[in-house]
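Enquirer: Residues per chain, in single letters:
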Amino acid sequence: GQQVMQIPQYQHVQEGEDFTTYCNSSTTLSNIQWYKQRPGGHPVFLIQLVKSGEVKKQKRLTFQFGEAKKNSSLHITATQTTDVGTYFCAGRSFQKLVFGTGTRLLVSP
Amino acid sequence: GAVVSQHPSRVICKSGTSVKIECRSLDFQATTMFWYRQFPKQSLMLMATSNEGSKATYEQGVEKDKFLINHASLTLSTLTVTSAHPEDSSFYICSAKPGTGHPETQYFGPGTRLLVL
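Chains A and B supply the protein sequences, listed in that same order. Position one of the first sequence corresponds to residue 97 (this note's numbering), numbered consecutively onward. Position one of the second sequence corresponds to residue 28 (this note's numbering), numbered consecutively onward.
Bound-form chain A, shown alone:
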């Protein structure tokens, strides 16, 4: 079945450093969504990308959808302690949303 993998599984950065998580799907996606889940919380929708090669920005977050619509990335510039959490990509294929394995981000002050 469809698999969505993310790397790295875990990253620990100092506040102010940049962070990137990569998402790779085994199948072509119609769109990709990104979610953030704080410890003990539930996933919160961040953004959706639809077009091949699309890039969207939300303040310090930059999201990119690959040309082949099989991979995506989330880049955070100058991380802050409030960025702590697990970031999941979720790829939509054949009407089904499949979550990636997640990248857990820890930011030290």
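These are calculated hints, taken from the structure and not from any lab test. Heads up, some of the hints might be wrong.
Pairs of lysine-lysine, BS3-like flavour, derived with a Cα cap of 25 Å [unchecked claim]:
1) A:Lys192 - B:Lys93
2) A:Lys192 - B:Lys82
3) A:Lys132 - B:Lys68
Keep in mind it's a predicted model, so treat the numbers as computed, not measured.
Assemble the complex: chain A is given as a structure, and chain B must be docked to it using the hints.
Expert: Just chain B now, with coordinates in the frame of chain A:
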């Protein structure tokens, strides 16, 4: 913004009992609701998709007789874990997709932590 509630937020039960979890969309009508389970430090695994007024579609490997889903209205879906066992202990999260506005967006409930003793 769209709000999805789940009840209960936490439940502890004895092995062999059944547990019902409710998922409600509070300020929108949800044409479709999804049920996920999440083990500690793992990703969300889709269990089933439910559309109002029709039978739920279960993912491969999910027992439909064990995880009963009822989507009685456009704002309520329930998941009943029948004859729960310790291995069913998990974080169960529902999400709801609006029928209008941004239909591709899913709004997640706060989750229900189930512990089966």
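Enquirer: Tell me if the straight-line CA distance from A:Lys192 to B:Lys82 falls inside 25 Å.
Expert: holds (17 Å)
Enquirer: Would you check the hint for A:Lys192 and B:Lys93, treating anything up to 25 Å between C-alpha atoms as holding?
Expert: Roughly 22 Å separates the two Cα atoms, so the pair holds.
Enquirer: If you draw a straight line from the CA of A:Lys132 to the CA of B:Lys68, is it 25 Å or shorter?
Expert: Given pair A:Lys132, B:Lys68 holds - Cα atoms ~13 Å apart, limit 25 Å.
Checked against the numbered hints listed earlier, the structure breaks none of them; every hint is satisfied.
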